[in-house]
Every structure is written in C-alpha cells, then in structure tokens.
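Going down the list, the protein sequences come from chains A and B. With full-length UniProt numbering, letter number 69 in the first sequence gets 69, and the count goes up by one each step, no holes. With full-length UniProt numbering, letter number 101 in the second sequence gets 101, and the count goes up by one each step, no holes.
Simulated from the structure, these hints should not be mistaken for lab results. Only a predicted model underlies this, so the values are computations on that prediction, with no experimental measurement involved. Be aware that a few hints might be false.
Identical copies look the same in the list; a pair holds intra-copy or inter-copy alike.
Stated by the list, open to error - Straight-line C-alpha distance at most 27 angstroms; calculated BS3-like pairs for lysine-lysine:
hint, residue 1, residue 2
1, LYS79, LYS4
2, LYS74, LYS86
3, LYS4, LYS22
4, LYS56, LYS4
As a plain string of letters, each chain reads:
There are 2 protein chains.
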Amino acid sequence: MLEKTTRMNYLYDFYQALLTPKQQSYMSLYYLDDYSLGEIAEEYNVSRQAVYDNIKRTEAMLEEYEEKLLLFEKFQERKVLITRMKECLNEKPELQTLSDYVAAIEKLD
Amino acid sequence: MLEKTTRMNYLYDFYQALLTPKQQSYMSLYYLDDYSLGEIAEEYNVSRQAVYDNIKRTEAMLEEYEEKLLLFEKFQERKVLITRMKECLNEKPELQTLSDYVAAIEKLD
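Same shape as in the complex, but just chain A (with noise of 0.2 angstroms):
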C-alpha cells in the first residue's frame, strides 16, 4: 500500500494539472493528507461510494496518462543520471559551473 501511495503522489504531482478541480480535491485530500474516504465524503456530502468511484476513476486516468506521456518514469531515470553526475562532481570542487547546470537540471523536475 505505501508503494501505490507513494506512486499516486508522483503521478498526481505530474498530472494534476489535467484534473477537474474535484477531483484534485478528492485525491489531494486522500493521498497528500491521509483523510479517509469516509471523511472527504462528509466533507463533501456525498456517499462514501462516490468519493471511491471518483479516486478509482482518477486512479485510472494518472495511470492512462502515465503510459502516454511517462513523466514519472523519465523523472525517475533523471533522477538516477543526475545523482551519478553529482557523484562525479563531488571529487572536483574546480568544475562549480558544471555543478550548478546539473543543479539546475534537477530543479526544472
């Protein structure tokens, strides 16, 4: 469970932007701040089983887009090149400009 909550957070960190309002409410409640199904939907007065249908939906369409645009999946292997190059560097504090463009590299994720 950790691991599809940890993956729900990235790919809604990714995607978020192509969700309807309700349902960046409903996943960003469930995901980013633990409420439970039974409390975002008193929240919003609706039934418990809306607010599952509507995370499982939105579930869905973060993995659909995934499989198309694979952010998180090009994310990670930045992540993996970025942190070799900086091992690289670490040996050599004359090469500081070079340090900074992987820095800034690794901030555009």
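Starting from the structure of chain A, add chain B where the hints point.
This is chain B only, laid out in the frame that chain A set:
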C-alpha cells in the same frame, strides 16, 4: 508562419499520445508531411472546412496541454543547460563518464 509550424511540430511531438487517432492523422499530414487542407480533405473524403476545424481545435488542445504541463518549455530550458554542460566538458576529455551522463539525459527528452 515558420515559427508557428516549428512550435506545433514540437507540441505535437510531446502531446500526440493524448490526441485521438484522427487528430493524430490530420496533424501529422498537415505539420509533418506538409499536406494542404484540401489534400487531407480529399484523402479522408471530408470537407476542407472539417479538416480545418479539426486542426484548429487540435492546435488549441496542444497549447492547453502545454499551458498545463510545460513539457516543451522545460525541454527548451534543459536543452540550454545541456548545451552549456557539453561546452564545459568539451575541454575536459578526462571526464568522459560525465559526458556520457549528459548524453543520456539529453536522449531522455
């Protein structure tokens, strides 16, 4: 016009997976293969106006995706940083490993 064509080519490249097959076909013929609206209309046995409307709608969708996800903008920023990193590394043949990581990051885009 050339500038718009270049931009649309890039946006299409980043977001084509989010389009319908028909949208993909029209955009690809119009922007990549340089077909005219009339030629596409003939190919698909629809009116020139229908092709025009579909392409305009798709262009707007691509701009909307870019507004939300900024993939093209980030790609451009990364490209600048990668070029600068390469310039730094050109003068340092002893840092081949680092150059390989930069090349790998570039290939991810």
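Results for each hint:
Proximity of LYS79 to LYS4 under the C-alpha cut-off of 27 angstroms is restricted to the intra-copy arrangement: shortest distance 20 angstroms within a copy versus 33 angstroms between copies. Taking the shortest Cα distances, LYS74 and LYS86 sit within 27 angstroms of each other both inside one copy (18 angstroms) and across copies (21 angstroms). In the homo-oligomer, the alpha carbons of LYS4 and LYS22 lie at most 27 angstroms apart inside one protomer (21 angstroms), although the nearest pairing across protomers, at 34 angstroms, exceeds that limit. For the identical chains of this complex, LYS56 and LYS4 are intra-copy neighbours only, at 13 angstroms inside a copy versus 39 angstroms across copies, given an alpha-carbon limit of 27 angstroms.
No hint from the list above goes unmet by this structure.
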